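A.B. asks: Heads up: the sequence lines are chains E and B, in that order.
All residue numbers for the first sequence refer to our numbering, where the first residue is 1 and numbers rise by one.
All residue numbers for the second sequence refer to our numbering, where the first residue is 1001 and numbers rise by one.
Everything labelled a hint here was simulated from the structure, so no lab data went into it.
Treat the numbers as computed from the prediction; the structure is a model and nothing was measured.
Check before you lean on any hint, since a few could be wrong.
What the hints assert, rightly or not - Okay, derived cross-link-like pairs now, SDA-like style, lysine to any residue, Cα gap no bigger than 25 Å in a straight line:
#1 E:K699 with B:E1016
#2 E:K511 with B:D1005
#3 E:K511 with B:W1012
#4 E:K511 with B:D1051
#5 E:K503 with B:D1052
#6 E:K503 with E:A229
#7 E:K699 with B:R1049
#8 E:K699 with B:R1053
#9 E:K699 with B:D1044
#10 E:K568 with E:R671
#11 E:K699 with B:N1054
#12 E:K503 with B:D1044
#13 E:K503 with E:I167
#14 E:K464 with E:K699
#15 E:K511 with B:V1039
#16 E:K511 with B:D1044
#17 E:K511 with B:E1016
Unchecked claim - Which stretches of chain B does chain E cover? Using the computed rule of at least three CB atoms under 8 Å from a CB of chain E, they are:
#18 1002–1008
#19 1053–1061
Every residue gets a Cβ at the ideal spot worked out from N, C-alpha and C, and that includes glycine.
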Amino acid sequence: MRRSKTRSIVVWTAVALVGAVAWAIVALVRGEQISAAWLVFAAVASYAIAYRFYARFIARKVLEVDRERATPAERLDNGIDYQPTDRRVLFGHHFAAIAGAGPLVGPVLAAQMGYLPGTIWIIVGVIFAGAVQDMVILFFSMRRDGKSLGQMARDEIGPVGGAAALIAVFSIMIILLAVLALVVVNALAQSPWGTFSLAMTIPIALFMGFYLRVLRPGRVLEVTAIGVALLLIAIVLGGVIDDSSLADEFTLSPETLALCLVGYGFVASVLPVWMLLAPRDYLSTFMKIGVILMLAIGIIVTLPVMKNEAVTDFASSGEGPVFAGALFPFVFIIIACGALSGFHSLIASGTTPKMIEKETQVRTIGYGAMLMESFVAVMAMVAACIIEPGLYYAMNAPAGVVGDSVQSASQAVNGLGFQISPGELQSAAADVEEETLVARTGGAPTLAIGMSEIFAGATGAGLKAFWYHFAIMFEALFILTTVDAGTRVGRFMLQDTLGNVVKPFANVSWKPGLWITSAMVVAAWGWFLYGGVTNPLGGINQLFPLFGIANQLLAAVALTVGTTLLIKAGKLKYAWVTGVPLAWDAVVTLTASYQKVFSDDPKIGFFAQRDSFQEALDQGEVLAPAQSLDDMQSVVTNSTVDGVLAALFAVLIVVVIADAARIWVRVIRSRRPAPTTETPFVQSRLVAPAGLLPTAEEKALLAGAGGATATDRFERERERETTR
Amino acid sequence: MTIRDALAGVRWYLREVSGETAYDRYVAHVRRDHPGEPVMSRRDFERWRQDDRNDNPRARCC
Chain E
1 MRRSKTRSIV VWTAVALVGA VAWAIVALVR GEQISAAWLV FAAVASYAIA YRFYARFIAR
61 KVLEVDRERA TPAERLDNGI DYQPTDRRVL FGHHFAAIAG AGPLVGPVLA AQMGYLPGTI
121 WIIVGVIFAG AVQDMVILFF SMRRDGKSLG QMARDEIGPV GGAAALIAVF SIMIILLAVL
181 ALVVVNALAQ SPWGTFSLAM TIPIALFMGF YLRVLRPGRV LEVTAIGVAL LLIAIVLGGV
241 IDDSSLADEF TLSPETLALC LVGYGFVASV LPVWMLLAPR DYLSTFMKIG VILMLAIGII
301 VTLPVMKNEA VTDFASSGEG PVFAGALFPF VFIIIACGAL SGFHSLIASG TTPKMIEKET
361 QVRTIGYGAM LMESFVAVMA MVAACIIEPG LYYAMNAPAG VVGDSVQSAS QAVNGLGFQI
421 SPGELQSAAA DVEEETLVAR TGGAPTLAIG MSEIFAGATG AGLKAFWYHF AIMFEALFIL
481 TTVDAGTRVG RFMLQDTLGN VVKPFANVSW KPGLWITSAM VVAAWGWFLY GGVTNPLGGI
541 NQLFPLFGIA NQLLAAVALT VGTTLLIKAG KLKYAWVTGV PLAWDAVVTL TASYQKVFSD
601 DPKIGFFAQR DSFQEALDQG EVLAPAQSLD DMQSVVTNST VDGVLAALFA VLIVVVIADA
661 ARIWVRVIRS RRPAPTTETP FVQSRLVAPA GLLPTAEEKA LLAGAGGATA TDRFERERER
721 ETTR
Chain B
1001 MTIRDALAGV RWYLREVSGE TAYDRYVAHV RRDHPGEPVM SRRDFERWRQ DDRNDNPRAR
1061 CC
């Protein structure tokens, strides 16, 4: 015992030292370029310490997880949605559900402030806010048979808080879908290679769907292997198409692509799941996990150097071209996923709590999976910062700033204080066989360039174009899956709400209702998408802050629910665990909304922007970068709607917190815990380790229990079957 | 741990994560908790499982 304790102290001291050295280098070295490895070390050492000490403290002291208490999966096991699932498998499911394009895009945009602010927020944010939120919500939902966040908000805070939560969920869904679709449009516009490859995923998915439905039901692995092979062929073929006379057919303008996506979104969401969504989901999940692993290995093998500055001047001036506004609050808004993502609370109160085998596993799955997502965000930051800063700005500044030629872009980038020649821009585009890289906003192309440099560093420069389009495809693929799945979730909420007024809508399989509500959801995000595509000011820099605010609003709802439940359980002394991140999140989000609504700077404030364009419009003038009176009108409409939304989000946060504060005061004054809403205790009969690897003590228990884990029990069952 | 064990582990993990084993679990569940009740064929079960997702959409995060 003593020896293992000494060893533990030695190991953790070493981890802490590595982390401290890495942080010192990341934070303090100026004027020379550091290796990306230091970011990776700083992140991994911090995660390890946070997981070992802070997450354990939360699990044991704050939540008091109880390994004797049966989880809903054990009590309500119905072999389908309630089902004790091996922790490693559930970790995979949960991670695949929470991690998407968000942690890849946000850090790329935030890189305009330098790598340091974003990296600090990604790592510190996840440790004290994001992972805490995921774990706490997972725990509370698990103690309530897997209740959703909306239900918990209604039950614990009240109808007002509940309604606010519902509006928050719906609006974030719409903005999220619009932003993600916009990322795809910007990545594929004028790119026949990318467009062709992505278009091919539709027949591939249809084939896979048919295979699983008719030919060999349930053989997911073999069909996924076939699908991935076809996907790689589609990427290679894209290169052939790019050089052929067919290239023009697949060269689509942003407007056309946006309309295609809207049409696709509608059709995909009304088709039965087995045709497109299910097979796409398999493909994108495997691609996602595979590429993330490849990226991690690539960074470790090639050890690229960070070419970006640690902190750029834009951090304080707030005049960066990628998005407007200063470091505080906007870095904390732009990087949502990876540090603190409210959206995760929907997953943590959805399927995961119904499948968790042991209470003790909330730390592994809730906290652990979020640390993984944070690591993905750190890698995205690395990928964005290893490319030449001049190229980064030429790609990420909107067309209104950099123009549409390599000459104008080179000039504009010089004006921003960075260097890149027209020739260098030209050859960077030629390297990846794209027409141009100027004003390819949205984050995906930048990430793809960074990834193609890392991968080509490992496999040879000849494959750079392939890797670029591979990366684009990988992002576009799972964004389309999210668009399909998200449209369905939005539709479901709408059917539910409309069903209260018009009865037939409540029946979710009623076809006319399904079509109408699907069309409404698609129209809503399609409107923002089209506005983003045609906006002369650049869609991403207008919409992404709004998406960040919506996501952090949802996080505020989740953390408020968590704080309320801690206080109600008589754990006021631990309420800071969710209370402090809630306070931080509220300050950040309200400051950002305030600036977005009230700032006099037309680049930041939506209404200031609206006023300046409306004034010019009244006098029949055209303000750059708008090119026509129609452009002017669309800027006015967009900024009005965006401003109203930013204000609405701020009001919602205040309403939820104020409504909850009422409950907090009442409970604290009464000096005793509120009546619990937990499902009563039932003795657990399963034995399963808490972490990914079993401890010595757990191994002994497992042996003693004759292996009563869900998996082992199942294996025994099967043995009995075969011997019978 | 031999290479063979490792490969078996990878295969086990992929089958579990992808849901290939869902049917086996279902059969085990019915036999254990509802003995005597009819068991769906694999084809029917997979259809039913897919169609269930039409009415119970799952969010995918950003």
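A.B. asks: Which of the listed hints are not met by the structure?
C.D. replies: Those not satisfied are hints 2, 3, 6, 7, 8, 9, 11, 12, 14, 15, 17 and 18.
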